[in-house]
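Take the sequences, apply the hints, and build the full model.
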Amino acid sequence: MTTGTHSETPAAPLLSVHAIEKAFPGVRALSGVSFDTARGEVHALLGENGAGKSTLIKIVSGVFPPDRGEVLVDGRPVDLARPDDARRAGIATIYQELLLFPELTVAENIFMGHAPRAGLRRIDWRAMHEKTNALLASLEIHDLQADRIVGSLSVGNRQRVEILRALSQDARILIMDEPTAALTEYDVTRLFDIVRKLKARGVAVIYISHRLDEIFAIADRVTVLRDGAHVATRRVADTDAAELVQLMVGRRIESLFPKITVPIGKPVLEVKDLERRPLTRRVSLTVRAGEIVGLAGLVGSGRSELAQTIFGVTPADNGEIRITGQKIDIRSPAQARSLGVAYVPEDRGTQGLVRPMTVRENFSLAALGKVAFGGFIDRAAERKLAGDGVKRFAVKTSSLEQIAGKLSGGNQQKIVLGKWLANGPKLLILDEPTRGIDVGAKAEIHRLMGELAAQGLAILMISSELPEVLGMSDRVLVMREGRIVAEFSREEATQESIGAAMMGSHGNAEKAA
Amino acid sequence: MSEIPLPQAAKRVVPWWLLRHETMLAMILLIALIVLGGFNNRFLTLDNLLNQGRLTTEVGLIALPMTFIIITGGIDLSVGSIVGLCAILLGYSWKIFGLPLPLAICFSLLVGAAAGFLNGIVITKVKVPPLIMTIATLALYRGLAEGISQARSVRGYPEWFYFVGQENLFGVPAQLWLLLIAIVVAAIVLDRTTFGRTLYAIGNNETAARFSGLPVDRVKLIVYTLSGLMAGLSACVLVSRVTTTRSDMGIGYELDVIAAVVLGGTSIFGGVGTIWGTVVGLAMIQLLKNGLALTGVKGDATIVVIGTVLIFSTLVASSLQRRREGV
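In order, the protein sequence lines correspond to chains A and B. Just so we're aligned: 1376 in my numbering is position 414 of the first sequence, and the numbers increase by one with no gaps anywhere. Just so we're aligned: 168 in my numbering is position 173 of the second sequence, and the numbers increase by one with no gaps anywhere.
Where hints are given, some of them may not hold.
From the derived model, a few chain A residues whose C-beta atoms are all more than 12 Å from chain B [unchecked claim]: (1) Ala1099; (2) Thr1142; (3) Asp1200; (4) Arg1239; (5) Thr1248; (6) Arg1299; (7) Asp1309; (8) Asp1340; (9) Glu1344.
Keeping only pairs whose Cα atoms sit at most 25 Å apart, straight-line, the calculated SDA-like set for lysine to any residue is [stated by the list, open to error]: (10) Lys120(B) <-> Ala1296(A); (11) Lys1346(A) <-> Arg187(B); (12) Lys1289(A) <-> Leu1236(A); (13) Lys1332(A) <-> Leu24(B); (14) Lys293(B) <-> Leu283(B); (15) Lys1368(A) <-> Val267(B); (16) Lys1159(A) <-> Ala1144(A); (17) Lys120(B) <-> Ser1294(A); (18) Lys1388(A) <-> Arg205(B); (19) Lys1332(A) <-> Glu201(B); (20) Lys1368(A) <-> Pro153(B); (21) Lys1368(A) <-> Phe264(B); (22) Lys1161(A) <-> Glu1176(A); (23) Lys1368(A) <-> Thr202(B); (24) Lys122(B) <-> Asp1279(A); (25) Lys1234(A) <-> Arg1244(A); (26) Lys293(B) <-> Leu28(B); (27) Lys120(B) <-> Leu1241(A); (28) Lys1346(A) <-> Val184(B); (29) Lys1368(A) <-> Glu201(B); (30) Lys1368(A) <-> Arg990(A); (31) Lys1332(A) <-> Thr202(B); (32) Lys122(B) <-> Arg1317(A); (33) Lys1368(A) <-> Gly68(B); (34) Lys120(B) <-> Thr1276(A); (35) Lys1332(A) <-> Phe264(B); (36) Lys122(B) <-> Glu1267(A); (37) Lys122(B) <-> Pro1240(A); (38) Lys120(B) <-> Glu1267(A); (39) Lys1159(A) <-> Arg1188(A); (40) Lys122(B) <-> Ala1296(A).
Simulated from the structure, these hints should not be mistaken for lab results. Just so it is clear, CB atoms sit at the ideal spot from N, CA and C, and this is done for glycine as well.
See below:
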């Protein structure tokens, strides 16, 4: 059931996936998905979280079998019962979390499990190093040595080791699952160089990413999945970002940043000369009711540290904090919470959500006081609280008793946001509120932020995404090396001015997006 | 965009409660009881079972707070030594310092709580891992007990003191009432209160619990203190049952206690566990010991059987876990 938009492929398909169906208890993950890719083609897979991309690549890499449908390599059906079968068929997968042995060397990692052997099945170390050097040379990687310990490498270099590992096993089909999620700009450029070299060699690359600009930079064709179904396959040259977003979300997103202008009220948070060395240095700022203040800065500039000092995780050494005019010394998150401060942390998995617990338990975690009487939890009140949250934030979950960690990133983020709003805070600090979540969920969170501000909530938003900062903020503050170095009104703020302030006077404005 | 349909929950072939670790363990226990009862007609008698309840109370009282601690991802290895220290101080404060016995009991409970508080304060404030801190106090508290007692024992307590340890109340061993009340309270606290919820949250993700404004350190301090207090109570019950005080009392209790808790399905990594599981675990260990002894199995063989049961139940638990996760 492929769509009619199939254009002819450059050659006979190297890999083709035909009418794959897969269901998990309670969820239909894939229903009749087909796509194919040819030698030397970069084929992007696009879709929101939960659209079925991960399930599809897990089937192709032999993690679990499909319920129906087949996978063909070189036109012949292959049985991919185990990851080893996929490897033998020439399919290699590079997952988001790299699967390397940090204590071992580059060469040992590349040849783990298939090391060249000398007599008596001894490992032939010399051959292993020579082969590693040959692989490095073939991709023109000069800053990586075969005997380096992998744990000491940058994320970009570790990823290169994984790619080399795949090539050492003669992979002809390389699947990359959001390879740029953790990379710096520079590493992304280098990754693209490598992908182009692989392409020239005839390797087929299946490339999964949320970032549309990358797809236009590197892919030949793109297949969009939505709710487990194949929506469309397009040549990248024949489409544009607006069309892809629409295909992905299934509706037009009128405006990516639905900023509503609301009357701005009295100051809710006033911070004066706040200090907590080394990353919070004499910081002063004000956030008023109904106002969204964006906090921009490079990674490591002290934005999250400032937020955590205000929230009482790492109490301040010096300076003062006023909440609605009252001077308060915040020593713990519990105290901050009781003062009406909410903090949605940067790292959803370790700071925001208790992943093994249920949706219900996560929703009530920061608001146990609201559903408990004399220390006893009122189960009915708790279910109501969680049920209301699920409805209000349109969390896609099979039930309130679902384990929160099994939901998609966007839905997890909605729960973290919801659990804090259940307390009715006055000040909401959002730390990278839309990192790693898909376009649809992102738009919903932005819309929600606008609504909350309209209801008189004061919002301090930390974000590394300049379009988000520009789109959502009434005012923008820029941090560098623990200090606030610039302030822009909504009218003054531009990518260039913020970028220049982030980098310091000598740096260049970094273009985001 | 609120009209996104919620997918139907999966149809379950087997009801969820049947797949629970506690239920499976209870069934294994039942089978073991029937088999052992078949071998020996003295085993499945009310008298014998009640007597086993009497014998398991001392370990049981400590196993309840230990369940709390292990759910938070911690451990308390010093409980056996606290039992020894409290027993000695009970005897000495009464006999040597001349405190009235009720006051001596209070004093020994207080010492137990203080010993647990010390564990808790170092674990939460100095951030010493619980395993290391309580191994240290395992040695420390036992050393204190031996130093104070100088290998002398205390006996000759007044007759009323033996009531808890040796008499019956409404036909049930007196200390068993204590244990039953403690079980019910612990189960309610764990299942129904914000305190219990906080324990699970800490065990599953301490950072997120902290970021959610839960009083993580205070709750941990309370459970370690509680553990010491219950070890003190256990010491008093033990002295009352065996009528004498010696410094080697409670040696090895920590392992019996942890075995019962873990056998009952509480995850040693934290975040998972119930009081009911611990109760079934306790019953299982005590009844296996007794049943095997009555059937004529020697002591060392009994330990082998208990070890095997522990491994077996862990296998069952992990296969259930996999099944629940649908892998």
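25 Å Cα cutoff - pair Lys1368(A), Thr202(B): Holds, at about 19 Å.
Proposed proximity, Glu1267(A) with Lys122(B) (alpha carbon, max 25 Å): 21 Å, holds
Non-interface claim for Asp1309(A) versus chain B (Cβ beyond 12 Å): Contrary to the label, Asp1309(A) does not stay out of reach of chain B, its closest Cβ about 8 Å off (not over 12 Å).
Given hint Arg1188(A) paired with Lys1159(A) - CA-CA distance at most 25 Å: Given that 25 Å is the threshold and the Cα spacing comes to 31 Å, the pair is violated.
25 Å Cα cutoff - pair Lys1368(A), Val267(B): 17 Å, holds
Restraint status (C-alpha distance of Lys1368(A) to Glu201(B) at most 25 Å): 19 Å, holds
Agreement of Lys1388(A) and Arg205(B) with the hint, judged by alpha carbon distance not exceeding 25 Å: 20 Å, holds
Hint consistency between Lys1368(A) and Gly68(B) [alpha-carbon to alpha-carbon, up to 25 Å]: Holds: Lys1368(A) and Gly68(B) sit about 22 Å apart, inside 25 Å.
Straight-line alpha-carbon gap Lys122(B) to Ala1296(A), limit 25 Å: 20 Å, holds
Proposed proximity, Ala1296(A) with Lys120(B) (alpha carbon, max 25 Å): With Cα atoms ~17 Å apart, Lys120(B) and Ala1296(A) stay inside 25 Å; holds.
Hint consistency between Lys120(B) and Glu1267(A) [alpha-carbon to alpha-carbon, up to 25 Å]: 21 Å, holds
25 Å limit on alpha-carbon distance, applied to hinted pair Lys122(B) and Pro1240(A): 22 Å, holds
Comparing the model with each earlier hint shows violations of hints 6, 7, 8, 9, 13, 20, 35 and 39; every other hint is respected.
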